[in-house]
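Trainee: The primary structure of each chain is shown beneath.
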Amino acid sequence: MSEHPEPYDSPQHRDETAIAGMWLFLASEILLFGGLFLIFVVYSHSHAAGWALGVRHTSLVIGGINTVLLLTSSMVYILGVEAARNGNARGIIQAGLGAAALGMTFLCLKGWEWHTEFGEHLFPGPGFAIGGPQAGGAQLFYSFYFLSTALHGLHMLVGIGLIAWVCLRTYRGRGRLLQVMPVEVVGLYWSFVDLVWILLFPVLYLIGRV
Amino acid sequence: MMVHVLSCWVVLLMLLAVELFVAAAGSGWGIGACAGVMALLIAYGFMRITRAPALAFIFAVGGLFWLSILLALGSLDSFTRTNFPVGDTLSSTAHDPRTPPDTAP
Amino acid sequence: MAPISGPDTTQRSYLWQDGTVRSWLLTTDHKRIALLYMASITAFFVLGSVGAALIRLHLISPTGAILSDATYSRMFTMHGIVMVWLFLVPSIPVTLGNFLVPLMLGAKDLAFPRLNLISWYLFIMAGALVVYGLFRGGLETGWTFYTPLSTDYTQGRVLPVVAGVFLSGFSSIATGVNFIISIHQLRAPGLTWYRLPLMLWALYATSVIFVLATPVLSITLLLLAFEHFFHVGVFDPALGGDPLLFQHLFWFYSHPAVYIMILPGMGVVSEVVSTFCHKPVFGYRFVAWSSISIAAIGFLVWGHHMFVAGTSLYAAVVFSMLSFLVSVPSAIKVFNWLGTMHGGAIRLDAPMLYAMGFIGLFTVGGLTGLFLASLASDVHLTQTYFVVAHFHYIMVGGMVSAYFAGLHYWWPKITGRMYPEMWGRTAAALLFFGFNLTFFPQFILGYEGMPRRYATYPAQFQVLNVLSSAGASILALAYILPLIYFTWSLFRGAPATDNPWQATGLEWRTSSPPPVENFITPPVVTHEAYDYAALDHPDTAQRAEAPHV
Chain S
419 MSEHPEPYDS PQHRDETAIA GMWLFLASEI LLFGGLFLIF VVYSHSHAAG WALGVRHTSL
479 VIGGINTVLL LTSSMVYILG VEAARNGNAR GIIQAGLGAA ALGMTFLCLK GWEWHTEFGE
539 HLFPGPGFAI GGPQAGGAQL FYSFYFLSTA LHGLHMLVGI GLIAWVCLRT YRGRGRLLQV
599 MPVEVVGLYW SFVDLVWILL FPVLYLIGRV
Chain Z
8 MMVHVLSCWV VLLMLLAVEL FVAAAGSGWG IGACAGVMAL LIAYGFMRIT RAPALAFIFA
68 VGGLFWLSIL LALGSLDSFT RTNFPVGDTL SSTAHDPRTP PDTAP
Chain V
5 MAPISGPDTT QRSYLWQDGT VRSWLLTTDH KRIALLYMAS ITAFFVLGSV GAALIRLHLI
65 SPTGAILSDA TYSRMFTMHG IVMVWLFLVP SIPVTLGNFL VPLMLGAKDL AFPRLNLISW
125 YLFIMAGALV VYGLFRGGLE TGWTFYTPLS TDYTQGRVLP VVAGVFLSGF SSIATGVNFI
185 ISIHQLRAPG LTWYRLPLML WALYATSVIF VLATPVLSIT LLLLAFEHFF HVGVFDPALG
245 GDPLLFQHLF WFYSHPAVYI MILPGMGVVS EVVSTFCHKP VFGYRFVAWS SISIAAIGFL
305 VWGHHMFVAG TSLYAAVVFS MLSFLVSVPS AIKVFNWLGT MHGGAIRLDA PMLYAMGFIG
365 LFTVGGLTGL FLASLASDVH LTQTYFVVAH FHYIMVGGMV SAYFAGLHYW WPKITGRMYP
425 EMWGRTAAAL LFFGFNLTFF PQFILGYEGM PRRYATYPAQ FQVLNVLSSA GASILALAYI
485 LPLIYFTWSL FRGAPATDNP WQATGLEWRT SSPPPVENFI TPPVVTHEAY DYAALDHPDT
545 AQRAEAPHV
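Protein chains in written order, with the numbering used here: chain S, 419 to 628; chain Z, 8 to 112; chain V, 5 to 553.
Looking at chain S on its own, in the form it has when it is part of the complex:
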């Protein structure tokens, strides 16, 4: 690749630009999930009973454990960002691997949850488990459930990939000047994925349960 001159005045200018860019991308992500939340706002009102019936079929235990896992994962990664600021390469890698492992555990539990739900015929379509007058609303809930957890899971996979990349480049760059910015930018993304789950969790597991 022919190296084109970089447009930045200084490394600090470059880092600031990258962080601002990540925040702008996250603003875009807000609207991506926003479309899903519009579905929730409309259907949870117009089909309140069926929607609540769906919520009551989700597994609160798995959802709750997953929330704790993800909060912890976010926290562990932020410790890695602090390590990066202190120039501690080992700290980055340890925190990154810890955060990624917690994220993978989240995904495994989520997969298990999906598996049981498929077994219980909770995937919408013919043969849907919930019958009766509220079947339609419950199916709409489960369409929302599967799509939003899939989209969130996809974001988690991307996040884990990014964390692995950060660990790898830190490992390869040993002995050279440590770059804080990539660690920090990935941290922003990882915390955002956490934040989305914090908002999805009550919508999928809590509101309408009682």
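Heads up, some of the hints might be wrong.
[Unchecked claim] Cβ-Cβ distance ranges computed for the label pairs, FRET-style:
1) Z:H11 x V:S331: 45 to 53 Å
2) Z:T87 x V:L374: 19 to 27 Å
3) V:A380 x Z:V18: 50 to 58 Å
4) V:W492 x S:E424: 45 to 53 Å
[As the list claims (entries may be wrong)] Covered stretches of chain S, going by a simulated chain V footprint (3 or more residues, C-beta under 8 Å):
5) 437-447
6) 455-467
7) 537-549
8) 594-600
Hints in this document: simulated from the structure, not taken from any laboratory.
The model shown is predicted, which means the values in this text are computed figures rather than measured ones.
Glycine is no exception: its CB is placed at the ideal position from the N, C-alpha and C atoms.
Since chain S is already given, all that's left is putting chains Z and V on it; use the hints.
Mentor: Chains Z and V in isolation, oriented as in the chain S frame:
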């Protein structure tokens, strides 16, 4: 700094516990409030929005502002529709007396 | 690879620095990426135009001349999808915008050069998927993909086409992020916000829509694909789902997208009108902020696409009133352009002819929009050819005119060659007359009640339809001509000077074509935007500049 991050995490877990408790009590607004505070705590405690360039704050607020437009104007129609209400047709069209008649002229 | 003949400056320009195919395909130079984009969207424009040509040929006869009814539906769908997502939405931002944003900022490149290249690859993959879907069976849903037609009843290739449009959305988001961050972070010393060229204000506003509206389209298409592929209901009325919710989500993107398709054109016209009148733009701050307010208000009006769809009357009233608001900043722009021209020494070169065509056609398109924003008249006019004519006046009369204006205006800067002026003026005139002949009859057709998207029509509409088709053939000529003479000028055009139009703006301070690093010495801005006095009297200007040097 480590103390700061860890205390944030502890508060988040406590808020989660409160959220579950409030949910058991059946308060929808309480759940929403807890989730909102937790989200803010992540933005301020983990993502350090106050230490990011000023642009970050503008972008975040912009995103939330446009989100509110989407949710408000997007649900306005469904919530005020009277001529063809959003209904549960699988379950309710056959014998749901609540479906109001078409009042459009 | 060296040019066969040409001025010496081309030797170190971005065009000839390294001529291998590999260096072009892996370039992170915004100028080269702009040219990659230009080649791609030209190909898509040709494809979409062929679709339009077949539609107009078919409609010469009331019973339909050449296509079956099903093929006709697929044809207008192809025309719509290709033109909207693969030409109009990217058009000016990714070609002229990519080329000009760093130059106008006095920067070496965009903020994220690699992201810029990635966005081109995403766009190419998107285009390939869409074209694959359209040629392997096509789609009959129109470019709007309304459910439940697109989910339950379609016989067409929904998935590849939707996946393509989905990907093109990410390409748009990448471009939007790049532009916004560049304009914030990479302005040259002295280049304050109110010294920015109006083109950059327009592109900034466009990028806001790219970044904040496109993700909603992405999620909508994801929901659509999910419902179509797994046969689960999200919008399915059989489950009590609301198909109108799809339309809300779709138009939350697609109405602002209309402003994606016109705001950059307004930016180009602001530059061109100022340059060819040799006067600063009248009311600079009003024009600048009207771009931003068009982008902001544009998010509040989408419901006017759904007045007859069965939405709530209350929502319809709110959306109708908000829709009227958009006309205010749009009118501000038109009046300010006219104010700029008033008393100016107007030079009628090709870019100016295109820009004047833009102002007229955009005004007609905008004013007819008021009929559609009014609840009562919309009930009569919606889903007729009136709507078709209205949005073509904005999209083609507006955006395509502006695109050609910009291409002619910056062609010397991009290629280092002049296009043949006489042919440029001819093409501009042909575009204006051909366009009006094609689309003005459609206003009358729509008003008289001819519905859109039908393959046949009652015989009494034939005269107007034949007129429209005749106009389309003139329009085709107006598109083919520039393709020929631009290609010719690449090899035989007179070498361009650095500032052939006596324009202000940083892009004219570097060589034509620019060197790889854009500016040999990084520029410092000491004047307001459009300061022609400083340009015309460099002696006094230099004295004013002296303290800064």
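Trainee: Tell me, which hint numbers fail for this structure?
Mentor: Checked against the structure, the hints that fail are numbers 4, 8, while the rest are satisfied.
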